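2 protein chains.
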Amino acid sequence: MSVLVVGSIAIDTVKTPVEEHSDLLGGSASYAALAASFFSPVRLVGVVGDDFPKSEFDFWRSRKIDTEGVQQVNGKTFRWSGEYSWDLNTRETRSIDLNVFEDFKPVLPKAYRHTDFVLLANIAPSLQRHVLEQMERPRFVVADTMDLWIETARSDLDELLRRVDLLILNDSEAREMTKETSLIKAGRRIQKMGPAHVAIKKGEHGALLFGQGDQFFSCGAYPLEDIHDPTGAGDTFAGGLAGYLAAHVKQNVTFELLRKAVIYGSVLASFCVEAFSLERLRKLTQDEIADRYQMFKMMSQFEVLA
Amino acid sequence: MSVLVVGSIAIDTVKTPVEEHSDLLGGSASYAALAASFFSPVRLVGVVGDDFPKSEFDFWRSRKIDTEGVQQVNGKTFRWSGEYSWDLNTRETRSIDLNVFEDFKPVLPKAYRHTDFVLLANIAPSLQRHVLEQMERPRFVVADTMDLWIETARSDLDELLRRVDLLILNDSEAREMTKETSLIKAGRRIQKMGPAHVAIKKGEHGALLFGQGDQFFSCGAYPLEDIHDPTGAGDTFAGGLAGYLAAHVKQNVTFELLRKAVIYGSVLASFCVEAFSLERLRKLTQDEIADRYQMFKMMSQFEVLA
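Just so you know, the protein sequences line up as chains A and B, in that order. Sequential numbering of the first sequence, starting at 1, is according to our numbering. Sequential numbering of the second sequence, starting at 1, is according to our numbering.
Source of the hints: derived by calculation from the structure; they are not laboratory data. One thing to keep in mind: the hints can contain errors.
Restraint ranges, calculated between C-beta atoms of paired labels, are given here [claimed, not checked]:
1) A:158 to B:98: 48 to 56 Å
2) A:22 to B:250: 52 to 60 Å
3) A:225 to B:254: 21 to 29 Å
Some chain B residues well away from chain A (every beta-carbon gap over 12 Å; in silico) [what the hints assert, rightly or not]:
4) 20
5) 41
6) 53
7) 63
8) 93
9) 106
10) 109
11) 114
12) 126
13) 156
14) 204
15) 247
16) 251
17) 252
18) 295
On a predicted model such as this, the values are computed, not experimentally measured, just so you know. Positions of the beta carbon are idealized from the N, C-alpha and C atoms, including for glycine.
Pulled out of the complex, with its shape left as it was, chain A reads as follows:
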C-alpha cells in the first residue's frame, strides 16, 4: 500500500561544531518520503520554488516517490538554517525564509485522495488538517509535530489530534504538551486527547510507544558512536515507521506491527544522522537495513529467540 506524505521541502544550511554545509536538501517531507520509500510507494505533497533542482524530482521518481502532489511555483524554495550545540543535543534556528511556503495550500491530486496510509510530517497543524480533509477515509493517519505548534497553534493541534491514529513527538514536547514530568503519564494523557497510539522519541535514549490498554513498548536507540548531523532524524523515524506499516499491514494495524514499525523507523533514523542532509539515506541499501534490524534485535533481547 502507498503512503501519502505531506510536509516541508526545504533547502537547508546546517552547522555543527565540526562542519558547516549549505544548499542541502531538507524539510520534513523530504526525509520522511525517502525513508518511507524503502518500504512502500510514496505520494508526496509539498511545494518548491523555481530554484529547486530538477535532479531531486528525478531522484524521487527513481525511488517510487510520486511527485504529482509537489507544486513547483514561482519564487524561492523554503530555506532553513540551524546550528547545533557541542553535544548535538540542542539546536538553534539561525534563519527561516518561508518563501513559497508562505502561501502553500496543499491541493491533493485526485489520484492521492484514496491513499490508505497518511503521514502528516511536521508542518503547521492547520495544513496537516487541510490535507486530511481532502482525503477519503484513510485507514491510518500518523502525525508528527513539534514544540513550535504546541506553543503557537495549540487549538489547531488539539483539533487535529482527534483525527489522528498515531501522534509522534519528542520527550520534551510530550512534557510541554501535558505538563506531566513522567513520560509515561504524558503518553497516556496524549492518548486521551485523541490518538489511540503515541510514540515519544527520546533521541539517544530511543523511543516509547503507547497503545490500547496497557500496551507499551520501549525501544533503545542504535548505539552510534559518531553522529554527523541530527537534522531530519525525527522525520526519517516517522517516514520509516509509516512506510513499514503501509507495506506490512494485513487486516488491522496491530500493536505487534507498530512495534516493528518503531524499530524500522529507528533503524532508518540511525542511518540518517551518519551524514549531512539525506546523503546517507540516498546510498542506503535494503541489506544494510536488514543488518541493522538484526543488531536492534541483538541489543534488546534478553532471552534467546527461536
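Given chain A's structure and the hints, the job is docking chain B onto it.
Frame of chain A; chain B shown alone:
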C-alpha cells in the same frame, strides 16, 4: 553461590515534594543486600552504631543475609538526609553525619573471604579496595560508584577499576568520568580503564550494558507512573543484578547472563521506588518479580518469542 555486599548502612531522612519521612533504613548496602537476597545468600559487610535497631538484624537473618560482617560499635549510625526536586530527577543532600562510618575499616570475617561474587556497593573507593584486598580470588567483582568519588577520589577509583569486572554508574557520572558526551563512547572508554563490563544507568530511560567486542545491550525502564521515593534505586539495581548473577552463573559469567541480570536489577529497582526506604522491597514476593520480568519482556520484544 553467595554474594558479599559491602557499602553504607544508614538512617535516612527523605523529603519529596509530597512527603517527608525520617528514621528510615537506608544506605547502599541495605538496599543492595536486600535486593540480592531475592536470588542468592548474602554476606553483608558494614558498620552501625549502638542506636541501630535490633529488629533490622532479625529481618536480615530472616532473609538469607549473613550479618557476621556487620560491626556494631559505640556511637551513632551514619545519617543522611536528602530532598528531591519537583520532578524527582535531582536531589540535594541536606545533611550527612558520618558518625560511626567515619572510622569504618571493614574487616572481613574469615568465612567471607572465599565468596565468589562481590558487590562493592557505593562507598569510598579506598574502602571498596580494602575489602577486595582481603578476599581470595573472587570470581566476579561488581562495583558501584558515584559523582562524589569521581570528583574527590579519582586516583583511588582509577586503581579500583583495574580490579573490577563490572562497573555500574549513572549517565551523568559516565560523561563526567570520561568527558565524552556520547554514552556509547563513554561506556567504551571506561572499559579501557579496566572493567570488562560497564553498566550505565539512565533513570527513567533504562540502562546500557557494554561487554567485550561489540557486545551491547539496551534495556528500557519499567513504565511506572508514580514514583514515591527514588532513594536506593541504583543500589537496588546493583544488588539485584549481582544476586541474579551469583544464583545463575554456570561456567562463566556470559553476556547473556549479564543481560538477564540487568533486567532483574531493573525489576528490583522498579519496585524499590514505589515506596519510601526499603518498605516495598520488604514486602516483595518472588511472584511479583516473575510477573514484572514478564512485563519487561513484553515491553521490549518486537518479535514474538517462542
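Results for each hint:
no., hint, result
1, A:158 to B:98: 48 to 56 Å, "holds (54 Å)"
2, A:22 to B:250: 52 to 60 Å, "holds (58 Å)"
3, A:225 to B:254: 21 to 29 Å, "holds (24 Å)"
4, 20, "holds (20 Å)"
5, 41, "holds (25 Å)"
6, 53, "holds (34 Å)"
7, 63, "holds (26 Å)"
8, 93, "holds (21 Å)"
9, 106, "holds (34 Å)"
10, 109, "holds (35 Å)"
11, 114, "holds (30 Å)"
12, 126, "holds (33 Å)"
13, 156, "holds (29 Å)"
14, 204, "violated (7 Å)"
15, 247, "holds (16 Å)"
16, 251, "holds (17 Å)"
17, 252, "holds (17 Å)"
18, 295, "violated (9 Å)"
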